[in-house]
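J.: Line by line, the protein sequences are chains Y and V. Taking numbering that gives the first Met the number 0, the leading residue of the first sequence gets 0, the next gets one more, and so forth. Taking numbering that gives the first Met the number 0, the leading residue of the second sequence gets 0, the next gets one more, and so forth.
Hint data in this document are derived by calculation from the structure and do not stem from the laboratory.
Taking lysine-lysine pairs in the DSSO-like style, the calculated list, with each CA pair at most 27 Å apart, reads: (1) Y:K352 with Y:K339; (2) Y:K393 with V:K435; (3) V:K352 with Y:K331; (4) V:K394 with Y:K435.
2 protein chains.
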Amino acid sequence: MANSSKSYLFGVVLAGGNGSRLWPVSRELFPKHLLSINDAQSLLQATVTRIEKLIPPRNISIVTNQKHLPDIKTQLNFFERSQKGMALEQLISEPCGRNTAPAIALAAMRLYLENPESIMIVLPSDHLIQEEEKFLELLKYSLQIAVKGYLVTFGIVPSSPETGYGYIKKGELIAQQANKKAYLADGFFEKPNQELAKEYLDSGQYFWNSGIFVWKTKEILRAIKIFLPDVFGTISEISTLELQGDKNAQIEEIYQNLEPISIDKGCLEKSDKIVVIPAQINWNDIGSWDKILQVLPKDGKGNFIKEGAINVGCENSLILSNERLTAAIGLKDIAVVDTKDALLICHLPEAQKVRNVFNDLLEKQATEAIEPKSSIRPWGQWSIIEEGLGYKIKKIIVNPGQSLSLQAHKHRSEYWIITQGRAEIEKDEDLIFLNKNQTIFLPLGCCHRLSNPGQDILEIIEIQTGDYLGEDDIVRFQDRYGRT
Amino acid sequence: MANSSKSYLFGVVLAGGNGSRLWPVSRELFPKHLLSINDAQSLLQATVTRIEKLIPPRNISIVTNQKHLPDIKTQLNFFERSQKGMALEQLISEPCGRNTAPAIALAAMRLYLENPESIMIVLPSDHLIQEEEKFLELLKYSLQIAVKGYLVTFGIVPSSPETGYGYIKKGELIAQQANKKAYLADGFFEKPNQELAKEYLDSGQYFWNSGIFVWKTKEILRAIKIFLPDVFGTISEISTLELQGDKNAQIEEIYQNLEPISIDKGCLEKSDKIVVIPAQINWNDIGSWDKILQVLPKDGKGNFIKEGAINVGCENSLILSNERLTAAIGLKDIAVVDTKDALLICHLPEAQKVRNVFNDLLEKQATEAIEPKSSIRPWGQWSIIEEGLGYKIKKIIVNPGQSLSLQAHKHRSEYWIITQGRAEIEKDEDLIFLNKNQTIFLPLGCCHRLSNPGQDILEIIEIQTGDYLGEDDIVRFQDRYGRT
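Could you build the full structure based on these sequences and the hints that come with them?
T.: Written out as structure tokens, the structure reads:
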């Protein structure tokens with residue numbers, strides 16, 4: 000591998016965000032990068048697939064919060080990618096979010112040990128890039144600049160006086176190739192007010208800070224050492240502990256003690272080696288519902304109305320509703336986002352306030368902010384239909400040929416009704432086949448496994464009863480997806 | 000009974016509306032009069048309870064559509080009221096709605112046969128009257144006027160230039176008692192535009208047409224005979240058929256052939272014997288969501304926000320949500336009405352357009368316009384949690400000491416899980432007692448009955464499976480509420 004032509008080139012995908020402003024679709028346990036925006040792929044999937052055109056899977060790391068690791072593995076089809084060389088070590092899990100500087104430092108230290116001459120491309124996992132070829136061309140170009148020791152940032156050429164982004168001002172032109180240019184950065188600027196944003200736009204000197212970076216690993220570590228010595232010290236300590244073997248508890252504690260800080264504020268703003276490469280790649284950070292409306296296809300009145308919803312005279316409105324029949328009458332600049340257990344109706348110019356609602360709910364530990372009511376699994380998906388004191392009702396869909404793990408529960412009994420397809424059920428010593436409308440009872444403690452032996456979808460309704468119904472009441476004996 | 004002091008006085012409650020403008024709470028099978036507005040009682044219950052202070056139950060008729068009859072019986076606690084003299088014949092069911100003139104004619108013909116000197120008070124079943132004592136005082140006063148042969152209407156003293164109501168203009172003062180006055184009517188006027196409504200209001204000469212009428216039965220029949228000879232002829236024919244015994248099919252057909260027409264337009268507008276009695280009784284026809292907001296208690300910003308919903312800076316908005324956590328941000332003049340299977344978000348000044356949405360849905364036979372997802376029963380209530388191809392999941396609550404009917408189903412099996420309380424279950428020859436978390440399977444065709452022998456609520460989850468899951472697949476063998 001060390002001899003491969005691309006072995007010096009690494010991708011680091013940052014998947015640590017929570018997307019609080021896209022509540023109620025995003026949740027603490029289902030952050031923005033796991034979402035799909037009018038696309039079969041999630042933002043994370045799209046980010047990884049995109050970068051794989053330049054970097055092989057074995058050189059791409061994902062830095063994420065450890066609580067999102069199972070979902071990330073599922074979304075990456077990890078078992079498939081592992082056959083192409085992706086290793087479990089490439090899923091770098093933070094014990095807690097400490098913003099981008101510690102996350103980047105953690106990844107950089109690992110890459111440096113692997114190859115001190117490596118170049119790393121840092122990519123947010125939850126942005127949309129619609130002009131992929133242009134983007135890849137610019138990335139290749141940026142390598143030529145990074146090789147010279149510069150810390151390269153991608154500056155998005157602004158199309159409107161946006162107040163929700165940070166800006167980078169361009170300085171001296173230092174390189175040019177066809178229509179690709181590289182400028183020294185003449186400063187980083189925080190989110191401006193409307194007036195200032197308009198000045199930035201009109202001047203043609205400013206770009207949106209995309210959070211996409213390209214640099215030699217040793218150059219960013221050098222900058223972190225100078226400008227964020229605490230972060231550098233902590234990460235070095237963690238690196239030493241990792242080399243000594245399993246010291247997870249200690250590593251977690253050390254990491255938690257770090258102050259959260261972004262790489263931009265902590266490092267880049269202070270360096271004189273920053274280069275900005277202007278990028279016109281149809282980029283959107285889809286950070287709030289108004290941004291989502293921007294990227295969705297709209298009708299003549301500026302609306303995106305989910306199929307099946309009724310629209311009577313709405314304008315510039317977003318109606319996202321999968322759960323029930325929705326009728327919207329006379330709305331202007333309103334987002335309606337309906338999920339199984341939570342409903343948001345928001346005046347779009349105030350879309351940033353969704354974050355406050357989310358944070359308030361999180362503080363109260365409201366499940367509506369924490370858990371999604373449905374989840375994709377390697378074998379299919381489940382969704383919660385109803386919950387009450389002592390019972391929970393789920394719909395479970397098993398894809399053809401797939402199996403859940405062989406499992407048992409300590410606190411709950413389950414009753415299954417086959418509503419579609421054909422089920423193969425291991426129940427203690429027995430193997431049972433059930434068809435549509437047939438039922439089975441799985442008493443507390445019974446060892447069981449559900450499989451779909453057919454060519455079609457298997458759908459069952461599961462009724463759980465018991466005094467504790469948490470997802471963690473599961474003992475896995477066998478699992479074909481490596482989850483035991 | 001004929002000698003009772005009040006045997007000449009009858010109440011006729013018109014419960015034929017569908018309340019299409021209060022969708023999605025109202026449905027074709029759950030019309031407006033069955034709704035409760037911030038009150039334990041439904042509008043119908045409140046109307047009947049109110050009039051019972053003047054008229055005994057055995058003299059109160061309800062004219063309703065036959066498809067609403069079971070719900071009306073449940074809401075009226077019919078079995079309790081029947082002990083106070085209410086007879087089944089007092090629930091007059093129309094085979095279909097033909098507006099108020101035929102409904103009033105039908106009731107009047109019956110009352111005339113019972114007592115040709117009777118006085119009838121006609122009351123819409125779906126209006127709110129907050130000043131009940133004043134209203135009853137005015138009703139008593141109106142009897143003195145009606146006795147003289149006048150057709151008395153209640154004219155609501157307007158408090159705003161309302162464009163959603165018809166108006167009555169007052170003419171010559173013909174009687175007065177303390178602050179109660181009776182005027183000859185100087186004309187009926189259709190819903191005005193904003194400008195005209197303001198003129199009406201400023202003039203002090205106009206009142207809202209409340210649809211509350213008081214008259215001698217023979218006087219209204221005489222008027223119907225003159226101004227609506229077709230209606231009179233049809234109703235006479237029906238009356239004759241009824242006297243001849245069971246001719247239901249024939250009666251239905253005859254009734255269906257009537258042209259729909261209101262008593263106001265068909266009769267009152269043409270008569271010179273109309274009297275209007277001004278009424279200040281805090282009346283509201285709550286005909287649309289904006290009217291509902293008018294009568295609900297509001298916060299300092301003019302909002303009614305259902306408990307549990309999150310409000311960030313809303314104004315003059317109505318948030319009615321029982322089903323899921325709802326967050327509203329920055330809404331102005333918006334109604335959000337959330338139900339299990341349908342969601343409405345409506346700009347309040349356009350609240351009348353809800354009727355169009357409802358009618359469109361009804362035309363497509365959408366269940367969201369037809370059936371409510373929950374229903375009150377004499378024994379408790381049920382609600383549908385989830386439906387799919389071949390299965391239906393219900394939550395059933397049985398009140399202490401109550402029983403469902405002894406029943407069987409031809410097309411479905413049922414599986415019950417007790418989630419609260421204690422259940423007594425008859426299953427063919429067996430009597431079984433189940434506690435929380437226990438389950439039972441009721442195969443297709445099995446004869447069963449569910450009872451709550453305890454002092455607390457019994458709650459079960461029922462999973463139906465089968466190829467037909469309509470509410471009408473039920474054979475009742477015994478029923479303590481007379482539904483066999």
